[in-house]
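Engineer: Chain residues, written in single-letter form:
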Amino acid sequence: MDDDRSRQFVMLFARHERDLYRYVLTLLPSPADAEDVVQEAAAALWQNFASFDPDRPFLPWACRFAYHQVLNFRRRQKTHRRMFSDAAVEALAVEWPEHARDADSRREALDGCLGKLPSADRDLVRLRYASEQDVAVLADRTGQTANALYKSLQRIRKSLMDCVTRTLAEER
Amino acid sequence: MVEADPLPHDLARLFSELVEETITDEQFAELDARIEADPEVRRLYAQYVELHASLERRWAEAPAPVAVPRTARRGRRRVVTVVAALAATVAVGVLLRPPPGPGPDTSAEAPAVPYATLVAAHGAVWADPNVDLALSAGQLPGVALRLDAGTAEFLLADGATVVARGPAALRFPARGRVAVDLGRVFCRCPTPASRVVVETPAGEVIDLGTEFAVESRPDRTARVAVVSGEVRVGSASGPSLRKGQSAEVRADGQLVVRALTAAELADLGGLVPSAEAPGPAGENRIRDPGFDRGLAADTWGGTDGHLSPDARGRAGPGLRVSARGFAAFPLCRQWVSTGDLGGKLVVASVWAATPADDPISPGQFAGLKVVFLDAHDREFGFVKQHLLTSRPVPGRFEQARLVAVAPPGTAAVSIQLILYAARGRSGAVVFDDAALAVADVPPTP
Chain R
1 MDDDRSRQFV
11 MLFARHERDL
21 YRYVLTLLPS
31 PADAEDVVQE
41 AAAALWQNFA
51 SFDPDRPFLP
61 WACRFAYHQV
71 LNFRRRQKTH
81 RRMFSDAAVE
91 ALAVEWPEHA
101 RDADSRREAL
111 DGCLGKLPSA
121 DRDLVRLRYA
131 SEQDVAVLAD
141 RTGQTANALY
151 KSLQRIRKSL
161 MDCVTRTLAE
171 ER
Chain X
1 MVEADPLPHD
11 LARLFSELVE
21 ETITDEQFAE
31 LDARIEADPE
41 VRRLYAQYVE
51 LHASLERRWA
61 EAPAPVAVPR
71 TARRGRRRVV
81 TVVAALAATV
91 AVGVLLRPPP
101 GPGPDTSAEA
111 PAVPYATLVA
121 AHGAVWADPN
131 VDLALSAGQL
141 PGVALRLDAG
151 TAEFLLADGA
161 TVVARGPAAL
171 RFPARGRVAV
181 DLGRVFCRCP
191 TPASRVVVET
201 PAGEVIDLGT
211 EFAVESRPDR
221 TARVAVVSGE
231 VRVGSASGPS
241 LRKGQSAEVR
251 ADGQLVVRAL
261 TAAELADLGG
271 LVPSAEAPGP
281 AGENRIRDPG
291 FDRGLAADTW
301 GGTDGHLSPD
311 ARGRAGPGLR
321 VSARGFAAFP
331 LCRQWVSTGD
341 LGGKLVVASV
351 WAATPADDPI
361 SPGQFAGLKV
371 VFLDAHDREF
381 GFVKQHLLTS
391 RPVPGRFEQA
401 RLVAVAPPGT
411 AAVSIQLILY
421 AARGRSGAVV
431 FDDAALAVAD
441 VPPTP
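Taken in sequence, the protein lines are chains R and X.
Mapping the first sequence onto my numbering, position 109 (from 1) lands on 109, and the numbers just tick up by one.
Mapping the second sequence onto my numbering, position 28 (from 1) lands on 28, and the numbers just tick up by one.
If you're looking for bench data, these hints aren't it; they were derived computationally from the structure.
We put the beta carbon where it would ideally sit given N, CA and C, even for glycine.
Incorrect hints may appear among the rest.
Stated by the list, open to error - If we take Cβ atoms under 8 Å as the criterion, some of the chain X residues that face chain R in the derived model are:
{"hint": "1", "residue": "Ala12"}
{"hint": "2", "residue": "Glu20"}
{"hint": "3", "residue": "Thr22"}
{"hint": "4", "residue": "Asp32"}
{"hint": "5", "residue": "Pro39"}
{"hint": "6", "residue": "Arg43"}
{"hint": "7", "residue": "Ala46"}
{"hint": "8", "residue": "Ala53"}
{"hint": "9", "residue": "Glu56"}
{"hint": "10", "residue": "Arg58"}
{"hint": "11", "residue": "Val143"}
{"hint": "12", "residue": "Arg293"}
{"hint": "13", "residue": "Ala297"}
Claimed, not checked - Label pairs and their calculated CB-CB ranges:
{"hint": "14", "chain 1": "R", "residue 1": "Ala43", "chain 2": "X", "residue 2": "Asp288", "range": "23 to 33 Å"}
{"hint": "15", "chain 1": "X", "residue 1": "Pro173", "chain 2": "R", "residue 2": "Ser85", "range": "53 to 63 Å"}
{"hint": "16", "chain 1": "X", "residue 1": "Gly395", "chain 2": "R", "residue 2": "Asn72", "range": "50 to 60 Å"}
{"hint": "17", "chain 1": "X", "residue 1": "Gln27", "chain 2": "R", "residue 2": "Asn72", "range": "22 to 32 Å"}
{"hint": "18", "chain 1": "R", "residue 1": "Arg64", "chain 2": "X", "residue 2": "Glu40", "range": "20 to 30 Å"}
{"hint": "19", "chain 1": "R", "residue 1": "Pro60", "chain 2": "X", "residue 2": "Ser308", "range": "42 to 52 Å"}
{"hint": "20", "chain 1": "R", "residue 1": "Asn72", "chain 2": "X", "residue 2": "Asp38", "range": "24 to 34 Å"}
{"hint": "21", "chain 1": "R", "residue 1": "Asp4", "chain 2": "X", "residue 2": "Gly395", "range": "33 to 43 Å"}
{"hint": "22", "chain 1": "X", "residue 1": "Ser235", "chain 2": "R", "residue 2": "Arg101", "range": "53 to 63 Å"}
{"hint": "23", "chain 1": "X", "residue 1": "Arg425", "chain 2": "R", "residue 2": "Ser85", "range": "36 to 46 Å"}
{"hint": "24", "chain 1": "R", "residue 1": "Gly143", "chain 2": "X", "residue 2": "Glu40", "range": "35 to 45 Å"}
Work the whole structure out from these sequences, hints included.
Structural biologist: Next up, the structure:
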């Protein structure tokens, strides 16, 4: 594969990797599993990039490969991992493009909703996502119980999701 | 179709247990059954995963607000790096991030109508990153804004522009007033209604229709320089300064007036509003900047169903972004790999007009946003500027221009052209002639 084609692949993959990860994460409940599958999908996409039509969108093409990688992963890991049922995964995969349709708007709305959180909640959600540590470890460090932190994070994420949904509804 | 119903509590609990990996077998079985049976649950679940992944991406690798050693949680592996290695064509930079220091509590009550709105931030580093979040959301925290570095440009409620350069501490205590406790601001008051009063520990500077700069120092002295028009210093009956004059304001309120020097004028040059800031005329890094090819896999993409070519661009075709009653913030964007840009000057611009056949309504406007991405394609900073905010004439193009210093670790940028379609089922913006250039930061005079 020539340099231009290689560069085009890297550019397209980097541009869509975030969406591809979200797609896979929707189908596999474990982030670690989703990461593994996206890596496998990246290799498969690279090997098959010659068949990609540059006049067509990259993400649907990439999702097809990723879906097969998800199915392969599920077959390999079925006895070791907690997995959604085949019917649930198929339905999630089929409907994902529709669910992802307003993802840009939801991300933009999330900026505003984070700004509306009380500062203590903002600090907590930032601590959770910035530190890359288990909640149990964070609880130990912050002097709270793990259960209290889990409940707070559950409440904050629900609050953010409701805020994003409300924001988009108000725009209509 | 966007539903406004809140997320049910039982699903919020199941989703949360799932993403925290604390879900029990019984809970997982319940969730699996509900996902399989109910399309609405699937929709909510997909949105929840999207929210979780957005938060993960937003703060991945960011320093935590309290000192906690990193140990346990497994971070996301860097797939782009793997792909880059496979393709062996892209240089991978080093991830760095400006550290957010401890800052003020921003929970104080903000005014119902903000006295000022952040319209552009160039390399701005706020002492409290929550301030950035609030300002970006159009809110004005009711506390002092501590700008450690960079510049921030505010549009006041009555039309004045205030540009602050860090390090600075400033507040907007009332409509038409800015309190500068420390640092420099440049004020432009284009109309009688837009006049502002600048409060400093050394006294007030009262605008009489002008452009002027104020520097407030830690020793409670100040410097005032008038570029055009006239100001009064100290009080409404205090001495006036006119165009071309500069004054040192002592702590006891006495003024030492002298002529504004060329060096001071050059120094003020770094504070002029972004639309007039000097910028490089370097290579345009945008592919298909004039939208001649419309939407293509290797150029422009964005919100499906809301983008279309438009023949009535500024000179030739443009790209139309339409509300169409669905998306709140439809956008088109282009991902530009730049190599390591840390510390470089990034200048982005675009022209935009609202079309006569689908004009935007009051409250709707357009935006130019430059998102900085690290070598692993993670967003870790952005600057943005709004345009078409003041009853734009359909068909008449306006230019937005952003000047920013790229944060350390910048390996790519995403340039985004956004329609803020607030509360409107209709409305469109046509973008044309986008540009993104990079240059070295000019030395300070």
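Engineer: Each of the hints needs a verdict: does it hold here or not?
Structural biologist: Here is how each hint holds up against the structure:
no., hint, verdict
1, Ala12, "4 Å, holds"
2, Glu20, "6 Å, holds"
3, Thr22, "7 Å, holds"
4, Asp32, "5 Å, holds"
5, Pro39, "7 Å, holds"
6, Arg43, "6 Å, holds"
7, Ala46, "4 Å, holds"
8, Ala53, "5 Å, holds"
9, Glu56, "6 Å, holds"
10, Arg58, "7 Å, holds"
11, Val143, "10 Å, violated"
12, Arg293, "11 Å, violated"
13, Ala297, "5 Å, holds"
14, R/Ala43 / X/Asp288: 23 to 33 Å, "30 Å, holds"
15, X/Pro173 / R/Ser85: 53 to 63 Å, "59 Å, holds"
16, X/Gly395 / R/Asn72: 50 to 60 Å, "54 Å, holds"
17, X/Gln27 / R/Asn72: 22 to 32 Å, "27 Å, holds"
18, R/Arg64 / X/Glu40: 20 to 30 Å, "26 Å, holds"
19, R/Pro60 / X/Ser308: 42 to 52 Å, "19 Å, violated"
20, R/Asn72 / X/Asp38: 24 to 34 Å, "28 Å, holds"
21, R/Asp4 / X/Gly395: 33 to 43 Å, "39 Å, holds"
22, X/Ser235 / R/Arg101: 53 to 63 Å, "58 Å, holds"
23, X/Arg425 / R/Ser85: 36 to 46 Å, "39 Å, holds"
24, R/Gly143 / X/Glu40: 35 to 45 Å, "39 Å, holds"
Consistency with the previously given hints fails for numbers 11, 12 and 19, ordered from lowest to highest.
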